[in-house]
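Colleague: Given the sequences, and given the hints that come with them, work out the whole structure.
2 protein chains.
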Amino acid sequence: MSTHRPDSFLFNTLAIVGVGLLGGSLGLACRERGIAKRVIGVGRDLSRLAKAVSAGIIDEAFVDLKPAASQADLAVVCTPVDQVADAVGEVSRFAPEHALITDVGSTKGTIDLAVRAKRLPPGRFIGSHPIAGSEKVGFEHAVSHLFDWKVCIICPDEKTPPERVEFLTNFWNSVGSRVIPLAPSDHDNVVALTSHLPHVAAAALACLLPQELVPFVGTGFRDTTRVASGNPDLWVSILMNNRPATAVALASLQQMLSKYQVALSHGNAEALAGLLTAGKTSRDRLS
Amino acid sequence: MSTHRPDSFLFNTLAIVGVGLLGGSLGLACRERGIAKRVIGVGRDLSRLAKAVSAGIIDEAFVDLKPAASQADLAVVCTPVDQVADAVGEVSRFAPEHALITDVGSTKGTIDLAVRAKRLPPGRFIGSHPIAGSEKVGFEHAVSHLFDWKVCIICPDEKTPPERVEFLTNFWNSVGSRVIPLAPSDHDNVVALTSHLPHVAAAALACLLPQELVPFVGTGFRDTTRVASGNPDLWVSILMNNRPATAVALASLQQMLSKYQVALSHGNAEALAGLLTAGKTSRDRLS
Numbered sequence: 004m005s006t007h008r009p010d011s012f013l014f015n016t017l018a019i020v021g022v023g024l025l026g027g028s029l030g031l032a033c034r035e036r037g038i039a040k041r042v043i044g045v046g047r048d049l050s051r052l053a054k055a056v057s058a059g060i061i062d063e064a065f066v067d068l069k070p071a072a073s074q075a076d077l078a079v080v081c082t083p084v085d086q087v088a089d090a091v092g093e094v095s096r097f098a099p100e101h102a103l104i105t106d107v108g109s110t111k112g113t114i115d116l117a118v119r120a121k122r123l124p125p126g127r128f129i130g131s132h133p134i135a136g137s138e139k140v141g142f143e144h145a146v147s148h149l150f151d152w153k154v155c156i157i158c159p160d161e162k163t164p165p166e167r168v169e170f171l172t173n174f175w176n177s178v179g180s181r182v183i184p185l186a187p188s189d190h191d192n193v194v195a196l197t198s199h200l201p202h203v204a205a206a207a208l209a210c211l212l213p214q215e216l217v218p219f220v221g222t223g224f225r226d227t228t229r230v231a232s233g234n235p236d237l238w239v240s241i242l243m244n245n246r247p248a249t250a251v252a253l254a255s256l257q258q259m260l261s262k263y264q265v266a267l268s269h270g271n272a273e274a275l276a277g278l279l280t281a282g283k284t285s286r287d288r289l290s
Numbered sequence: 004m005s006t007h008r009p010d011s012f013l014f015n016t017l018a019i020v021g022v023g024l025l026g027g028s029l030g031l032a033c034r035e036r037g038i039a040k041r042v043i044g045v046g047r048d049l050s051r052l053a054k055a056v057s058a059g060i061i062d063e064a065f066v067d068l069k070p071a072a073s074q075a076d077l078a079v080v081c082t083p084v085d086q087v088a089d090a091v092g093e094v095s096r097f098a099p100e101h102a103l104i105t106d107v108g109s110t111k112g113t114i115d116l117a118v119r120a121k122r123l124p125p126g127r128f129i130g131s132h133p134i135a136g137s138e139k140v141g142f143e144h145a146v147s148h149l150f151d152w153k154v155c156i157i158c159p160d161e162k163t164p165p166e167r168v169e170f171l172t173n174f175w176n177s178v179g180s181r182v183i184p185l186a187p188s189d190h191d192n193v194v195a196l197t198s199h200l201p202h203v204a205a206a207a208l209a210c211l212l213p214q215e216l217v218p219f220v221g222t223g224f225r226d227t228t229r230v231a232s233g234n235p236d237l238w239v240s241i242l243m244n245n246r247p248a249t250a251v252a253l254a255s256l257q258q259m260l261s262k263y264q265v266a267l268s269h270g271n272a273e274a275l276a277g278l279l280t281a282g283k284t285s286r287d288r289l290s
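One line per chain: the protein sequences are E and S, in this order. Following our numbering, the numbering of the first sequence begins with 4 at its first residue and continues without gaps. Following our numbering, the numbering of the second sequence begins with 4 at its first residue and continues without gaps.
Since the hints were made in silico from the structure, they are not lab data. Heads up, some of the hints might be wrong.
Same chains, same label: a pair holds when it works inside one copy or across any pair of copies.
Keeping only pairs whose Cα atoms sit at most 30 Å apart, straight-line, the calculated DSSO-like set for lysine-lysine is [stated by the list, open to error]:
hint	residue 1	residue 2
1	139	121
2	139	153
3	162	139
4	139	262
5	139	40
6	262	121
7	153	262
8	54	139
9	262	69
10	262	40
From a predicted model like this one, the values you see are computed outputs, not experimental measurements.
Modeller: Listed below in structure tokens is the structure:
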């Protein structure tokens, strides 16, 4: 994983639209590593953005998209997924011809469709999804190493010029990530299983715990349900944007749980052993 | 949480039957804090036990139960749950009249029934379940602070002399734990929800991940499935010992997941928001 050496900038101006956990971490990483000469942040609340400037996360703050976008060499839209396509369209109206626009959204299919409908020039937008983040929100939790050793999925299409794919790949490499290109629908199937399903399972489990049992909770329950503390609004957007794939993944989980239910009701230790061993084998691959 | 001060021993000899992660951690805690004058370990494999002696986990190793049990003031059975009742019976045959026997098993109902059938003197055995541990096995992972700030459920019955409950409570307090007494069936209902259900959910989720998706896995999936790496044999014992309560808890999870499935298939953002918010509210209580 080669991160950028700060003896030369990859480009001049990075515009971050939406300075939260991901946008803030991207700002920190790019400033610390000298990836962009200047990092500007766009948001709705100037007083919050001023704090992000004070914290060294961005160099300059904007509440108007136009002046920010017009300076950008690379614009990264870090809004909730249901606002990404419109923000991409707006940035594209004002950004210089050479500028590339990407995002960090956790879904790709609906964003791809909505951006296509805007008929931007080929290669103007390439979707990204860095698999990094946490249940926390806000730039106060931003860390410059958030993207180190992580995978970033990007979604170029058949019309994307190769040099634009290379530029975006270099950018994600420079903040420490490994890039894997996928079609938007493949991306959505993958993350339905690796991210959206675990979120649903964690939230469902967490919800079953009555308050009086809190003292009896150990690290197992805590870990298994940690992501359920994520912002519900963000997750409604994500799940609504990836409904079919998440529904398929959820049906698979329900089928698997039914196998446990049958094994338990029949007292079938052999079946339980088979199920648990398959789970362990699969989980141990991640260690 | 008052831990024991090493200027006086609580009792002379602690016998640990089964020197694994929990037994080993108990040995370390009792030796480091001077809770027992001597900690002896019983196991099947003398060469492994010799390593536990070298590692400072126990003072002396035994493969025969009789000489170990006959010296014990407190014996803690740390075997897999399906072997606890028989081990308790054997220890009781050889232990001095004043000795107390307990265990660390994750289920309590079937152990209670099986031990009752052995007709030991009242208060000879009081079941314990320290809510501590991890997916790791073996005394190599033992740590002396494993029980610090944890809850330990104990299951005295109506015939247990109060001074024996007090002795056991003092013991668990001395290794850093807070004691909560529960009836065995209440214990089993509680842990079905807080521990056995999350294990099943984690193993089921882990199992759904095809190997080719491993690179796309983030911290969310990792945390949600961590416990699935636990030893399947131990978990078959646990689930088989707590079948009815786990089956009820699993049915609740399946019902909750069905609500998500309905909300997803109808594209009902409001219902999803309600479900996710309830999950977050519940999970946030643990922070």
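Colleague: Indicate, hint by hint, whether the structure satisfies it.
Modeller: Consistency of the hints with the structure:
| no. | hint | result |
| --- | --- | --- |
| 1 | 139 x 121 | neither (32 Å within a copy, 53 Å between copies) |
| 2 | 139 x 153 | both (18 Å within a copy, 26 Å between copies) |
| 3 | 162 x 139 | neither (36 Å within a copy, 50 Å between copies) |
| 4 | 139 x 262 | between (34 Å within a copy, 26 Å between copies) |
| 5 | 139 x 40 | within (28 Å within a copy, 47 Å between copies) |
| 6 | 262 x 121 | neither (46 Å within a copy, 35 Å between copies) |
| 7 | 153 x 262 | neither (34 Å within a copy, 33 Å between copies) |
| 8 | 54 x 139 | within (18 Å within a copy, 43 Å between copies) |
| 9 | 262 x 69 | neither (56 Å within a copy, 43 Å between copies) |
| 10 | 262 x 40 | neither (56 Å within a copy, 49 Å between copies) |
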